Structures are given as C-alpha cells and as structure tokens.
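Undergrad: The residues making up each chain are set out below.
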Amino acid sequence: MKILYFAWVREKIGKSQEDLDVPNSVNTVADLITWLESKGPEYQAAFENKETINSAINQTHVDHQTPLNNASEIAFFPPVTGG
Amino acid sequence: MKILYFAWVREKIGKSQEDLDVPNSVNTVADLITWLESKGPEYQAAFENKETINSAINQTHVDHQTPLNNASEIAFFPPVTGG
Amino acid sequence: MTIRIQTEDFDITKEINALKEDRSKQGKQDVGAIVTFTGTVRDMAKKDKASKTPISSMSLEHYPGMTEKELSDISEEANKRWPLLGTTIIHRIGDLSPGDNIVLVITLSSHRHAAFEAADFLMDFLKSKAPFWKKEQPLEGDANWVDARDSDKQALSRWEKQN
Amino acid sequence: MTIRIQTEDFDITKEINALKEDRSKQGKQDVGAIVTFTGTVRDMAKKDKASKTPISSMSLEHYPGMTEKELSDISEEANKRWPLLGTTIIHRIGDLSPGDNIVLVITLSSHRHAAFEAADFLMDFLKSKAPFWKKEQPLEGDANWVDARDSDKQALSRWEKQN
Chain A
1 MKILYFAWVR
11 EKIGKSQEDL
21 DVPNSVNTVA
31 DLITWLESKG
41 PEYQAAFENK
51 ETINSAINQT
61 HVDHQTPLNN
71 ASEIAFFPPV
81 TGG
Chain B
1001 MKILYFAWVR
1011 EKIGKSQEDL
1021 DVPNSVNTVA
1031 DLITWLESKG
1041 PEYQAAFENK
1051 ETINSAINQT
1061 HVDHQTPLNN
1071 ASEIAFFPPV
1081 TGG
Chain C
2001 MTIRIQTEDF
2011 DITKEINALK
2021 EDRSKQGKQD
2031 VGAIVTFTGT
2041 VRDMAKKDKA
2051 SKTPISSMSL
2061 EHYPGMTEKE
2071 LSDISEEANK
2081 RWPLLGTTII
2091 HRIGDLSPGD
2101 NIVLVITLSS
2111 HRHAAFEAAD
2121 FLMDFLKSKA
2131 PFWKKEQPLE
2141 GDANWVDARD
2151 SDKQALSRWE
2161 KQN
Chain D
3001 MTIRIQTEDF
3011 DITKEINALK
3021 EDRSKQGKQD
3031 VGAIVTFTGT
3041 VRDMAKKDKA
3051 SKTPISSMSL
3061 EHYPGMTEKE
3071 LSDISEEANK
3081 RWPLLGTTII
3091 HRIGDLSPGD
3101 NIVLVITLSS
3111 HRHAAFEAAD
3121 FLMDFLKSKA
3131 PFWKKEQPLE
3141 GDANWVDARD
3151 SDKQALSRWE
3161 KQN
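Protein chains in written order, with my numbering: chain A, 1 to 83; chain B, 1001 to 1083; chain C, 2001 to 2163; chain D, 3001 to 3163.
Take these hints with a grain of salt, some might be off.
Label pairs and their in silico Cβ distance ranges [unchecked claim]: (1) B:His1064 <-> D:Lys3046: 50 to 58 angstroms; (2) C:Lys2014 <-> B:His1064: 20 to 28 angstroms; (3) A:Glu42 <-> D:Pro3083: 48 to 56 angstroms; (4) B:Lys1012 <-> C:Asp2011: 36 to 44 angstroms; (5) B:His1064 <-> D:Thr3002: 45 to 53 angstroms; (6) B:Lys1012 <-> D:Pro3083: 34 to 42 angstroms; (7) B:Gln1065 <-> C:Glu2160: 15 to 23 angstroms; (8) C:Glu2021 <-> D:Lys3025: 28 to 36 angstroms; (9) D:Arg3023 <-> B:His1064: 38 to 46 angstroms.
Keep in mind the hints are simulated off the structure, nothing from the lab.
All of these numbers come straight from a predicted model, not from anything done at the bench.
Just so it is clear, CB atoms sit at the ideal spot from N, CA and C, and this is done for glycine as well.
Sequences and hints are given; from them, build the entire structure.
TA: Here it is in structure tokens:
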C-alpha cells in the first residue's frame, strides 16, 4: 500500500511517501494510523492530534472510520489551506 | 429651466434638451409633465404612460411628487437599462 | 475609486494592476481578494415575453454628469458597507457588437466575501440607478430600446433589506 | 472547463478571452456575464489570534492527481447548479511573494447572478476541499504552515443548506 504525507505531516514523518505491507488486522483508516504510530516517535508526533488529520483513499476525502478495502493509495495531510 | 430627454423620451419629443420658462403655477414634477403635455402631441406621446417615466432634478433621481423649487436642470427618461 | 465612461474597450488585467498599484503605493500589500464583473453583449435580444431575435449591434446612451454622480454614490455606499481596498467601474457608451465588453466592475479587499458581495452590490445598483439606456438593432427590422427587467428591481431589494 | 496547476503566473484577460473563444467556436455569442476571482498573497500573516507578522514569501504544496480530481469535481458540481457557459480554475504552486497571484476562478453565464454565485461557490469549495497547503516565511524566524480557518468551513455550509 502506497502511503503519502503532505505539509507538516510529511515534515514530521520525514518522508513524502512510502510503500508498506500493512497487516490484515488493519481494517480502517483509524487502524492504519494506530499501526503507523507503533512504528516510531516521528509517526506519533505526526498523528498526535488525530482528529485534525485529514485522509484520502485513492485521492478521495474519507473519514477515519472508512475501511481500507483494497485501497492502493492512502494519504494523510492537515486541513487544506489553498485559494 | 433646462429640460433634458433621454432614450425613447428624447426620440418621441424629437429633441434632447430645451430651455423653457415654466409658469409659476407649475410646482412639482407631475405639474411640469402636465404642462409639457399641453405643448403638443409629441409630448403627449412621450408621457403617455407617465408612471413609467423616471425623472431627475439636478441629476438626482426624484419621484413625480417632488417640488421643483429652484431646480436648474430636470431630466425625463425611461427606466435605466445599462450594465 | 476609479469611475470612467468611455467608448473604447478596457483591459481587465490592466485595470486590476492599476488598482493594486494604487494600493501598494500607499505602502500596503494587504489585498488578498480581487473580484471582477464584466458584462458583454449577447447576440440574441428579447423580442417579447416568449421569443428572442438575433441582433447585429447595440448602442448605449447615457446622461453625462448624472452617470458619474450616480456611479460615485454607488461606490461610496459600497465602501461604507464593506472594507474595500479599491474599486473600479468602467461603462462603455456608443455602438457595440455581440461579444463586446459593456461594463467592468472591480473590487479589492483583504478577504473574498467582502469583494464578492461588494461587486454583486455594485452591479445591482448600477443596473437600477445609473442612467444608461441600451438600444438593440435586430438583424431584420427597426432598432428597439431595451425594456428594464423586473428581476433587476428585485435584485436591488436584497440589499435594501440589509439596512 | 479549464483546470490548471502551475508555477507560472496567469493573465486574467487572456484566460477570459480563451473561454469566450471556446464558446463562440460553438457558434454561440450568448455570454452576458463574466465573473473572476483572484486570490493574492498579502504581506502580513496571522501570528496568533491577536497579532500579525510581516512575511517575506509563501510556498504552496499540493497533492498531484487528487488536486485535479477535486477541482474537476467542484467545477462539475457548479455546472450542475448554475447555467454556466464556461469555467476556469488556475492555482499556482511553488514560491510566491506578497502581491503575487495565487488562484484564479472564472465563470461565464448569460446572466450575472449565476456567474457571481458560481464563482463564490467554486472558491468556497476550493478553500475547503482542494488539497493545497500554504507555508509562510516571516521576515524573522521559522516558516509556518498556515492554519485552516473556521470561517472557510462555515462558508461551505451556506451551499450545503441549499441542497
């Protein structure tokens, strides 16, 4: 699964994307965040205020309760500030 | 008193402006319209539907009940259609 | 506050840049939102309530002196209601063809909602108050003075309620 | 429907003319109203709730692929809601300075209220949905990611109520 990070999420994790083999027990976006946090303090820092982190599956906004199913691309980012 | 006409009011009266000595009995815009109508059929045609004719005294929109006072310039025109 | 009545066309980018420059000359770079409205000549005119007819040209007449006064009053009112950092109103007169520009309104503000609302307001007031009259020349037959629209009067009442 | 993400600047007059030309190529001269919104970089940034700090530059990051998809969804939604005759959304990315253009939205319609409302709608949705992030560099100190504004979320709810 391709995971992308943007803006300060990217800066805190220290990379803009990675390919990870996610265990079968990870069902939802929220599960994925919990699993990522177990990988190290940089992830814990990025997801410290989970409720503020936006997520997208295959380039569509989703909430944290959304199942991953066979998502090929998932992204995490702060609330958008363009325009 | 300088009287100006615009758009189809101008076309019906056949002139864009004129200087007229208005009698003292003419107090309001409505009085002026009635007096102009007495001057000929071209004025009667122009003011046939009085309620649709807009008026301005010294370049400010006014209604037909407004007294002329010492107005130096009065204008008659159809509802505006710019923009 | 720029107000111009002219026969020649206008360039929107150039007019925006002039307003931005006016503001930056005051040492301010606080413009964050620029809204423009441009009215253009359509090739079909209302014939009656049910039908339309193609037009070949349009001519615009105005009341010199009163037009400038009305547009300046409208601009001042907009500046009272919203925190604007610049406004431009340009209206063309004379003969125009389908596709040609008729009118340009520009509003500058720090934030977008003020700029949007003020431009919308300026157009509604211009449409109902500024002394311009359009005459349309159909492809066939005599030229007709355009009728005022009831919808423009109704549009104005949106702003009057806010007072 | 034009959607572009680019580092270079845009010219508003040129972009309007391109939309008008697209329409007239279809044999139609039915555009009567053109609204543009341009967002520009201000020279002061929010430091905290009470104070501001001057900035020297801003950089814009986005999510390639998703951005285009979101902007195209927003445009389609606007075209469903209003009788539009053309829309353009251009958003710049990369490094920008105070005074620089950031974003351009253009809407074409036969009548002005559709063009105004659709441009307002497009900006509200772009602000809350399109994956762009701004980082501001103050004159002194470290660069900061800009915080999202509650007012932008509230702006969005204006349109959701209409459904």
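Undergrad: Sort out which numbered hints this structure fails and list those numbers smallest first.
TA: Number 2 only.
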